[in-house]
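Trainee: Residue numbers (my numbering): 384 to 974.
Some clues are possibly wrong.
Beta-carbon label-pair distances, calculated as ranges [said to hold, decoys possible]: (1) P506 / Y552: 40 to 48 Å; (2) R716 / G589: 30 to 38 Å; (3) L659 / D744: 52 to 60 Å; (4) A887 / R604: 53 to 61 Å; (5) G589 / T441: 18 to 26 Å; (6) R428 / R888: 21 to 29 Å; (7) D495 / T922: 41 to 49 Å; (8) R604 / D654: 24 to 32 Å; (9) E568 / A899: 23 to 31 Å; (10) T922 / R554: 27 to 35 Å; (11) E903 / V828: 21 to 29 Å; (12) R716 / G825: 52 to 60 Å.
Listed below are the simulated EDC-like cross-link pairs for lysine to aspartate or glutamate, each with C-alpha atoms no more than 16 Å apart in a straight line [said to hold, decoys possible]: (13) K930 / E792; (14) K440 / E556; (15) K440 / D501; (16) K886 / E740; (17) K440 / D490; (18) K440 / D519; (19) K885 / E740; (20) K930 / E761; (21) K885 / D768; (22) K886 / D768.
Derived from the structure by calculation, the hints contain no laboratory data. For clarity, every value in this text was computed on a predicted model and none was experimentally measured. Glycine included, every Cβ here is placed at the ideal spot set by N, Cα and C.
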Amino acid sequence: MHILLAVSAFNSLTQRVHAELRDHGHSVAVELALPGGSLPDAVRRHRPDLVLAPMLKTVVPREVWSAHTCLIVHPGPLGDRGPSSLDWAVTRGATRWGVTVFQAGADMDAGDVWATVDCPVPPLGKSDLYRGEIADAALTAVLLAVDRFASGTHTPQPQPPGAGRTLPYLRQEFRRIDWRIDPTESVVRALRAADSRPGVLDDLLGGQWYLHGGHPEDRLRGRPGELLATRAGAICRATRDGAVWIPELRARREPGRPAPVKLPAALALGDLLPPLPEIPAPQQPDPRVRTWSDIGYEERDGAGFLSFSFPGGAMSTGQCRRLLAAYREACSRPTSVLVLGGGRDFFSNGIHLGVIEAAADPGAESWANINAMDDLVEAVLTTTDKLVVAALGGNAAAGGAMLALAADEVWCRAGAVINPHYRLMGLYGSEYWTYTLPRRTGTGVAERLTAEALPLSAEAAQRLGLSDRTVACAPGAFADETARLAALLARSPGTRSRIAAKKARRDRDEAERPLAAYREAELTRMRVTFFDPQAPYHTLRRAFVRKEPPDGTPPHLARTAAGRHRAPLPFRRPGVTGPAQQDRARATGGC
């Protein structure tokens, strides 16, 4: 079938739906439902068999749903209604939730039901849940609904009478934290329910800030509301009965000023931050004591596991350098297998565009950040005494996807979405991608992937050679499944010979063309872009981090993307400014 995705943003769930529908042989196009745009006109242009809305914040016009079957994906169980469904679930501590696919009609969230799937709700942040359990349930429900529609024999069921419960938009007055009386558990739930957007508005150090993300801390204590310490850019703030770590802050927007950027908390506060102790994460964490760290290391059954989790998958210069130091330390350990990643959410999305945007000299910070990323990737590529596995429990994009390709093996959870391209940010890219991507996929496929700039499912990534294993498991089971597979690899009698063969290949490749030559060629292109104030990268970056509304649907999304048998598109070299400017309306917003 030809399916049109009508969405408010090309967010993570929309990307996954887009990728997996293509895997199932459907042709897929996207239209952004934007203020001033005409969704009915877009639908008439595409003439779809089915209209599907994985993430739509506006009402579907009568002109659309009366002429076409239009299916809405709602992140709530059967009978749930309202715009803040998942926010309320996290705020109230729900342990089970679900996703419902219903038909658009005259009444909001009240149409006939095509599919509904429930799911567990572990105590995590909203955005992590949205990309994990909720996305898994949504895909199951979407594929079921699409198959039912395609059969032509299925009759959707009306929602049960009286089942509807419409909850209001979760405004800031409902999210507000009272540091004097709220216990840690309530504070953490409030922070988690707003972790990516909109944040929790709060008074701090004489200003108003949106707090993003929250993790409980059991050992530090202080006067409720008091700042106690910093760790890796996060701040620790006392509650009535404990404390919480808050990784990111965003200043409240002032009238007539650009939208502020979400930043690591200590960086956002800058000179406002009083002298506080920098308390490193415990080297031997006690699982009974709750705390927070964005980098961790452990060993099990002959394998090392270097985990990291940076908000939004963005890696600043400082984060790259800290991860590199941890990687080098992990490499010094007597293990034959080193697993990089293995968490349940983002693997990496590359350089930290928010920190770059907030820098006094964004060009210089861009340059420092990309070099720090390259240093990390080089360390992975030159590890020749053990096998390195990149374990992607969640999504990876741009330089983060290329970081994964530096490993000897790439394992992806079945729900991961891979975006192996840079073009939509107006960049040529680095991270040694001109070495690692073609050696895995071949030159022709590498050129097509970087030119098309479309998301790939884990299945498609494995089919194209970008990954070596797809792990079908729930998000929370990925770490244990990765540990089991890594232990098998460490015990395998063939691992030592694989390590020797790996070193021999690296030596041959280095003799043919040194890694330094790839890096120099890539960075030459990147430097020109970073230090050219007229380069589209600067406009695209600003629009992305400040959530500026796009001008329209990007051409690469509005074009029909066929299923698995599609012909390769003509190659357009990444970094050319024309397509980048056309794609200014790229994916924005969402989780």
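Trainee: Against this structure, judge whether each hint is valid.
Mentor: These are the hints, each one checked on the structure:
Roughly 23 Å separates the CB atoms of P506 and Y552, a value that falls outside the hinted 40 to 48 Å. For R716 paired with G589, a C-beta distance near 46 Å fails the hint of 30 to 38 Å. Range check, L659 to D744: Cβ separation about 27 Å, and the 52 to 60 Å hint is violated. A hinted range of 53 to 61 Å for the beta carbons of A887 and R604 is consistent with their spacing of about 56 Å.
Restraint check, G589 to T441: a C-beta distance of roughly 38 Å breaks the suggested window 18 to 26 Å. Hint check: R428 to R888, Cβ distance near 50 Å, so the stated range 21 to 29 Å is violated. In this structure, D495 and T922 meet the distance hint of 41 to 49 Å, their C-beta atoms being roughly 44 Å apart. Remark: the range hint 24 to 32 Å for R604 to D654 is upheld by a beta-carbon distance near 27 Å.
Against the hinted window of 23 to 31 Å, the Cβ-Cβ separation of E568 and A899 comes to about 52 Å, which falls outside the hint. At roughly 32 Å, the beta carbons of T922 and R554 sit within the given window of 27 to 35 Å. Distance hint for E903 and V828: a CB-CB separation of about 25 Å, consistent with the stated range 21 to 29 Å. At about 35 Å, the beta-carbon gap between R716 and G825 misses the expected band of 52 to 60 Å.
Distance restraint check for K930 and E792: the Cα-Cα separation of roughly 35 Å exceeds the 16 Å cut-off, and the hinted pair is therefore not satisfied. At most 16 Å may separate the alpha-carbon atoms for a hinted pair to count; K440 and E556 exceed this at roughly 21 Å. Taking the CA atoms of K440 and D501, the gap is about 22 Å. The hint is violated against a cut of 16 Å. Restraint check: the Cα-Cα separation between K886 and E740 comes to about 40 Å, which exceeds 16 Å; the hinted pair is violated.
Of the supplied pair hints, the one linking K440 and D490 holds, its CA atoms being roughly 15 Å apart against a limit of 16 Å. As the CA atoms of K440 and D519 are separated by approximately 21 Å, the hinted pair breaks the 16 Å bound. A distance of roughly 39 Å separates the Cα atoms of K885 and E740; the hinted pair therefore is violated under the 16 Å criterion. Between K930 and E761, the direct Cα distance comes to roughly 33 Å. Violation of the 16 Å bound is thereby established for this hinted pair.
For the given pair, K885 sits about 9 Å from D768 by alpha-carbon distance, which is consistent with the 16 Å threshold. As the CA atoms of K886 and D768 are separated by approximately 8 Å, the hinted pair is consistent with the 16 Å bound.
In terms of the numbered hints stated before, the structure departs from hints 1, 2, 3, 5, 6, 9, 12, 13, 14, 15, 16, 18, 19 and 20, listed from lowest to highest.
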